[in-house]
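**Q** So the sequence lines, in the order shown, correspond to chains B and D. In terms of this note's numbering, the first sequence is residues 16 to 151. In terms of this note's numbering, the second sequence is residues 16 to 151.
Please keep in mind that the hints were generated in silico from the structure rather than gathered at the bench. One or more hints might be untrue.
The list treats identical chains as interchangeable, and a pair is accepted whether it falls inside one copy or across any two copies.
Calculated pairs, BS3-like style, for lysine-lysine (alpha carbon to alpha carbon, straight line, at most 30 Å) [unchecked claim]:
#1 K17 to K147
#2 K70 to K111
#3 K147 to K28
#4 K111 to K17
#5 K132 to K111
#6 K59 to K111
#7 K28 to K53
#8 K28 to K143
#9 K132 to K147
#10 K70 to K130
#11 K70 to K53
#12 K130 to K59
#13 K28 to K130
Number of protein chains: 2
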Amino acid sequence: MKATHILQHHQLKCTECRIGILNVLLEADAALTENQVKEALHNKFDRTTFYRSFKTLVETGVLHSITLHDSTLYMVNAGENAGHEHYHFYCSACHKLLCIHPQKKENIALPDGFKIKQTDITFEGVCKTCNKTEKR
Amino acid sequence: MKATHILQHHQLKCTECRIGILNVLLEADAALTENQVKEALHNKFDRTTFYRSFKTLVETGVLHSITLHDSTLYMVNAGENAGHEHYHFYCSACHKLLCIHPQKKENIALPDGFKIKQTDITFEGVCKTCNKTEKR
DNA sequence: CAATAAATGCAACGATGTTGCAAAATGAAT
DNA sequence: ATTCATTTTGCAACATCGTTGCATTTATTG
Chain B
16 MKATHILQHH QLKCTECRIG ILNVLLEADA ALTENQVKEA LHNKFDRTTF YRSFKTLVET
76 GVLHSITLHD STLYMVNAGE NAGHEHYHFY CSACHKLLCI HPQKKENIAL PDGFKIKQTD
136 ITFEGVCKTC NKTEKR
Chain D
16 MKATHILQHH QLKCTECRIG ILNVLLEADA ALTENQVKEA LHNKFDRTTF YRSFKTLVET
76 GVLHSITLHD STLYMVNAGE NAGHEHYHFY CSACHKLLCI HPQKKENIAL PDGFKIKQTD
136 ITFEGVCKTC NKTEKR
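Could you build all of it, start to finish, from the sequences and the hints given here?
**A** Listed below in structure tokens is the structure:
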């Protein structure tokens, strides 16, 4: 998936800043903070520009954000990650927030009268990679 | 559950600010932001004091916090709410974050090698009360 | 390439996170 | 109840982040 395609698909102008943000996030193996993206782009853009770019990208649904432990992490909201159910795994060892896609899902019985529009499920623990490392 | 008992149980001094915060949160039917608590106490304390009180209460496990839509909400981490599984329901109609306790719980098959320490499950939708109101 | 609409950079301000330090309050011992 | 050691508080101060207005620059369309 190319950055310019994503932007065009959402009727957004292909500006340098937006393309940069998307490329960094598309290449990352985990969700990143605004500052992490900014640093990856060597602070090439003004912080206001970053702020507005992220805002636009989240509002249009290009990006999905999740706040955990007082920091907001962003990921591209495309393909498998899109939808009204978001599964995340935060590894307390490597501090990465991973998007996961569990095979088996068992729904929770909510109290009567509640209507669900969106579900966010975040696990916290030790990821596969760190688990292996710990055992050695 | 009394505020002073909770504080003593966690070996914290029973200061006016901490007791005030706990009383407000114990009486609330939903999670509240730091500012909502502050206003409920008529800004009786300095913002630094609030900041440090919340910090202490969260660090010692007296309070549990969750960030949603860019605002952090706090609730007392006692009784049913305690533990390593947190179920919340955010109502997009009344904007309240409720703690829920489903009978039947989620049983998700995670990829191999992942070790779970804590699970946070947040539903977003319309709560029982707002659902009723909408239908009339 | 020209025209138009949108995005950018800069300045500025408010809200919030955070720390140091002196004054006040708490809890324990007398 | 009084004293004392320790913790908490309030204030000042500063950093960071969220947010907006405005002039300039850039991206798209014809």
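**Q** Against this structure, judge whether each hint is valid.
**A** Hints and how they fare:
no., hint, in the structure
1, K17 to K147, "neither (33 Å within a copy, 45 Å between copies)"
2, K70 to K111, "both (22 Å within a copy, 23 Å between copies)"
3, K147 to K28, "neither (43 Å within a copy, 43 Å between copies)"
4, K111 to K17, "within (24 Å within a copy, 38 Å between copies)"
5, K132 to K111, "both (27 Å within a copy, 15 Å between copies)"
6, K59 to K111, "within (24 Å within a copy, 39 Å between copies)"
7, K28 to K53, "within (20 Å within a copy, 42 Å between copies)"
8, K28 to K143, "neither (39 Å within a copy, 41 Å between copies)"
9, K132 to K147, "between (37 Å within a copy, 16 Å between copies)"
10, K70 to K130, "within (28 Å within a copy, 34 Å between copies)"
11, K70 to K53, "both (14 Å within a copy, 28 Å between copies)"
12, K130 to K59, "neither (44 Å within a copy, 39 Å between copies)"
13, K28 to K130, "neither (36 Å within a copy, 42 Å between copies)"
In this structure, the earlier hints numbered 1, 3, 8, 12, 13 are contradicted, and the remaining ones agree with it.
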